[in-house]
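Novice: Since each chain comes alone in its own frame, lean on the hints to assemble the complex.
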Amino acid sequence: MEDKPHISLKPEKVFEIFGFPVTNSLLAVLIVFLVFLILNINHFLESKKDPKKRNNLYYIFNYILKSLYQFFYSVLGEETIKYFPVLASFFLFILMQNWFGLLPGVGSILIKAISHHEEQHMVPLLRGGTADLNTTLALGILSVAISNITSIQAIGFKNYVARFYRIKDPISFFIGTLEIVSEFSKMISFSFRLFGNIFAGEVLLGVIAFLLPVLASFPFLILELFVGFIQALVFTMLTCVFISLGIKHH
Amino acid sequence: MEIEVIKTIMIGITIVVGSIFPSKAIGKIGLQALESIGRNPEAESGIRTTMILAIAFAEAVAIYALVVSLIIKFV
Chain S
1 MEDKPHISLK
11 PEKVFEIFGF
21 PVTNSLLAVL
31 IVFLVFLILN
41 INHFLESKKD
51 PKKRNNLYYI
61 FNYILKSLYQ
71 FFYSVLGEET
81 IKYFPVLASF
91 FLFILMQNWF
101 GLLPGVGSIL
111 IKAISHHEEQ
121 HMVPLLRGGT
131 ADLNTTLALG
141 ILSVAISNIT
151 SIQAIGFKNY
161 VARFYRIKDP
171 ISFFIGTLEI
181 VSEFSKMISF
191 SFRLFGNIFA
201 GEVLLGVIAF
211 LLPVLASFPF
221 LILELFVGFI
231 QALVFTMLTC
241 VFISLGIKHH
Chain E
1 MEIEVIKTIM
11 IGITIVVGSI
21 FPSKAIGKIG
31 LQALESIGRN
41 PEAESGIRTT
51 MILAIAFAEA
61 VAIYALVVSL
71 IIKFV
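One line per chain: the protein sequences are S and E, in this order.
For the record, in the first sequence the residue sitting at position 169 is 169 according to this note's numbering, with numbers rising by one throughout.
For the record, in the second sequence the residue sitting at position 53 is 53 according to this note's numbering, with numbers rising by one throughout.
Isolated chain E, as found in the complex (with noise of 0.2 Å):
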């Protein structure tokens, strides 16, 4: 196959595989402080900072991805 095909073909596997597992990651941090709240819902901010501050971490590598699949597409 030419380079042109197999970079196009990259390109999309590259950011679709390196989306799936961020996103379940996402959703479980989600989850998991959703239940924590429900059971202490005293601790709700501290648990909202950590929740967002896991989730900047889980979404970092999506991004890996992203920048991956745009730098194969336009260097």
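With the rest of the complex left out, here is chain S (with noise of 0.2 Å):
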């Protein structure tokens, strides 16, 4: 136990697919992907079935899907059916992606790597996908592209540009371009918020399974658990208030 926990802020390199690289976050997301598929696509097959043959998976599946139907409802109202799929893939999917970095093996299971110095050291073979910049960037920069996209659909161009170029007064034109500002400050805010709870709960969990390997990282597993639904929940809210907020008509 003479080296320290491995951390790092940049996710590793695994393996490279015709030199494009791969890293253990990629491959995290891509499971975790495939998983999310397999369940959306089992979901939909079912829902054309007999009711009287459908399996438990469904039922539950349903109750998730209410529940973050009647979450959204208080905030979207009666347009709620229109944004729903958009809402609930991005609460799902980072939920699964911010509890995969919880499972066993996830982190811990080592392999040989070899970095461009031509160096081997032991990298982990997986990683929580939302532990990684790249994807919560990506994450945040959708959800800034969705909120704006549908808010263009909505209410139309011209009102949509006249909310960020508004020339009646000096002070008119300054809240317009502080508009444009905060656009971009959202994409920054929402990836660092969930990079930064995610990221931080892995390194917690290392450390205190580096300091006392027995039974001391039972607490702060359950608070992962908390965390990492409270900040899909957050991501997911944030996205529906910004949607509800460009669409209003004046």
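Worth double-checking, as some hints may not be accurate.
As the list claims (entries may be wrong) - In the EDC-like style, the derived pairs of lysine to aspartate or glutamate whose C-alpha atoms are separated by at most 20 Å in a straight line are: (1) K66(S) <-> E78(S); (2) K248(S) <-> E183(S); (3) K4(S) <-> E202(S); (4) K73(E) <-> D3(S); (5) K4(S) <-> E42(E); (6) K73(E) <-> E78(S); (7) K73(E) <-> E12(S).
Claimed, not checked - Covered, in the sense of this in silico footprint (three residues per stretch, anywhere, with C-beta under 8 Å from a C-beta of chain E), are these stretches of chain S: (8) 194 to 207; (9) 227 to 241.
Calculated from the structure, these hints are not laboratory results.
Since the model is a prediction, treat every value here as computed from it, not as a measurement.
All C-beta atoms, glycine included, are put in the ideal place defined by N, C-alpha and C.
Specialist: Structural data, given as structure tokens:
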């Protein structure tokens, strides 16, 4: 136990496919994506069947989706049904990515990897997908892009531009410019909030397991379950609120 | 002083100072939310949603401080 726990801000490359580096968090994202896809396809196929022959997973999934729908209904009202697929996908995808990093074997199974300095060192084979700033930045940019595009779709291009480019008086012009800056700051804030929470959780679990290997990580695992759920909820809720702000007719 | 000493000190100071104001803010948000639920129990669900949103914004700033201190330590 002379070594420090293996903590690295950047994701590490584990292998290459035709020159494209595949990092350990990209591998985890792909695995969770496949699981998510299988779950959704299963739900879709079950919904076409006779109600007597559906299996229980369909009803569990239905219950989760209904609770989410009611949760978004309080913000979006009657328009929820239009934006519900995006929001529910965000929530379930981010939730599964956050919780994937807590499974046994993720972060602890090490393989040999050769960095481009031609030296061998051990890196984890899998790592939580959202503990990588690339993933969270992509999710943040996607969320801001979606809220802007739905705004254009709902209230028309002229009204959308009128939000940012107000030329009535100097103060309105300043507020319009602030709106543009705030769109970019939303991207940064989304990505760093999710990344910071999940990465700090990983570091915390690693350090606690390093200090006291027996049973001390248990309350922190529960905390990480909770934090993963709350961060997925907050991400989706903020996207929902920004969508609802964008589609308001004045 | 050597750079390693300064780095170590700044890691500690960054996260400590960066957590003071977010935690005060979150406390204040919770307090106001509870008061307004007490005054108007019907609007509880709307108030709770807004409170969670505001707490997420306030906590994000503390997370920025945490990320900066992690960057100083590990990069």
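Novice: Now tell me if each hint is right for this structure.
Specialist: Hint-by-hint comparison with the structure:
no.	hint	result
1	K66(S) <-> E78(S)	holds (15 Å)
2	K248(S) <-> E183(S)	holds (17 Å)
3	K4(S) <-> E202(S)	holds (14 Å)
4	K73(E) <-> D3(S)	holds (16 Å)
5	K4(S) <-> E42(E)	violated (53 Å)
6	K73(E) <-> E78(S)	violated (48 Å)
7	K73(E) <-> E12(S)	holds (18 Å)
8	194 to 207	holds (count 6)
9	227 to 241	holds (count 5)
When held up to the earlier numbered hints, the structure conflicts with 5 and 6 and fits the remainder.
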